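Starting from the known structure of chain A, fit chain B onto it as the hints suggest.
Number of protein chains: 2
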Amino acid sequence: MPNTVDIKRAVVLLSGGLDSATVLAMARDAGCECHCLSVDYGQRHRCELEAARRVAAQFGAASHRTVSVDLRAIGGSALTAEIDVPKHRDERVMQADIPVTYVPARNMVFLSIAVGMAEVVGAGDVYVGVNAVDYSGYPDCRPEFIEAFARAAALGTKAGVEGEGVGIRMPLVELSKAEIIRAGTGLGVDYGLTVSCYDPDGEGLACGSCDSCVLRRRGFEAAGVDDPTRYRQGAM
Amino acid sequence: MPNTVDIKRAVVLLSGGLDSATVLAMARDAGCECHCLSVDYGQRHRCELEAARRVAAQFGAASHRTVSVDLRAIGGSALTAEIDVPKHRDERVMQADIPVTYVPARNMVFLSIAVGMAEVVGAGDVYVGVNAVDYSGYPDCRPEFIEAFARAAALGTKAGVEGEGVGIRMPLVELSKAEIIRAGTGLGVDYGLTVSCYDPDGEGLACGSCDSCVLRRRGFEAAGVDDPTRYRQGAM
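Residue numbers (our numbering), protein chains in the order written: chain A, 1 to 236; chain B, 1 to 236.
So here's chain A without its partners, still in its complex pose (with noise of 0.2 Å):
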């Protein structure tokens, strides 16, 4: 499907969660077919999938793929091991080093994949949300990694070689939580259906305290939305 004058399209890694929800309605907004794209990768907070499938349909996604890396294979991190998820940290202690829920090369591989479906669907970009404000712990989602990552793709796909190649577009890296939940409410976004928690229980009910919650939750606050989390009972 090479691309035409008319369509633009876009593929967007889709967790399930706040941001790359948020960054499928910006993609949206810029015009263009979505094609998402969600990675089964053996997370222990697998209902971010079921929520990937929700947040694509709500928004009309060309189409959607999940595919499956089974990185429990190679470990390393409290999100694919049997490592516990760290629980109500400040926000300086988030920030002042990579925590355990770092998973080994994770971005990496996400983006990877995304490029080579851009390939196979005729994309120009790949939309991901990554951010470094709230989550400077983590080494790939810094923007210089990305646009590292980026010439990197240029030289090693098809695409890159013999057509226009296939750019990475970071849209939130340098907005706050709390930007990004009024940039993404003012699109239509209904974060009811997203799940951020990395420990979630069965049901999908948030724990309130890890740190994806902790800056999930401050996010509606200092963005003055209210939050429609689902929380479980005595959570935070």
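Source of the hints: derived by calculation from the structure; they are not laboratory data.
Bear in mind that the values here come from a model prediction, so they are computed numbers and not experimental data.
Fair warning: there could be bad hints in the mix.
[Claimed, not checked] To give an idea of the interface, some chain B residues facing chain A are shown, with a C-beta separation under 7 Å as derived from the structure:
id : residue
1  : V67
2  : V69
3  : A73
4  : I74
5  : P104
6  : V120
7  : P139
8  : F149
9  : A152
10 : L155
11 : G156
12 : K158
For each residue, glycine too, the CB sits at the ideal point set by N, CA and C.
For chain B alone, coordinates are given in the frame of chain A:
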């Protein structure tokens, strides 16, 4: 498992083919404790995963993991979708364009997982059997891609940010197939254990006429080494 002064660990990408078996022998010869990584990406030539197990066992690899990544979900290649594998092609034709056996973003995905595994096992290097002589048609086998990828990996990993990073070694990149075969033979590689064919039959017997078989067969001829490949009846 942090690195110590005494143990030099490496992750070796092991497909089960001729090139990666040679790379494993070279990494072991360089004194590395070798942790092998094979990727089940839904390839049609799945018997190469069995071959990888045999090769890892022959060389006494410290560990061998097979990670599943379902690249069939994105398709776009003769190796992962219902597209015919080309046969009886002249080498000049092979090198003139990017063949349909190119798998979008495959090496990027493999290297990403390998870098993640290197972080987990405490390996300082990833060894990969890319070769720019015989397969110059594949953009993701070119040294400029690998070097750009290594720069991205240094920025996007915990090992790169906090430690000494993960190097990407490509000892075959400037060698002809005959030179690879001579080097591996000198290091004790049993090429009878390996499978290179893109289109083997159910018993793993080689077709003799896909690009990979053609290059392999000519390599043995040029090296003056007996070809131990098991071809199927009537092949060539």
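Evaluation of the provided hints:
1. V67: Holds, because the Cβ-Cβ distance from B:V67 to chain A comes to roughly 5 Å (cut-off 7 Å).
2. V69: holds (5 Å)
3. A73: holds (5 Å)
4. I74: For B:I74, the interface hint holds, since the closest Cβ of chain A sits about 4 Å away, which is under 7 Å.
5. P104: holds (4 Å)
6. V120: B:V120 check passes; min Cβ-Cβ to chain A is 4 Å, inside 7 Å.
7. P139: At about 5 Å, which falls below the 7 Å cut-off, the nearest Cβ of chain A leaves the hint on B:P139 intact, so it holds.
8. F149: holds (4 Å)
9. A152: Because about 4 Å separates B:A152 from the closest Cβ in chain A, which is inside the 7 Å limit, the hint holds.
10. L155: holds (4 Å)
11. G156: holds (4 Å)
12. K158: Nearest chain A Cβ about 5 Å off; hint holds.
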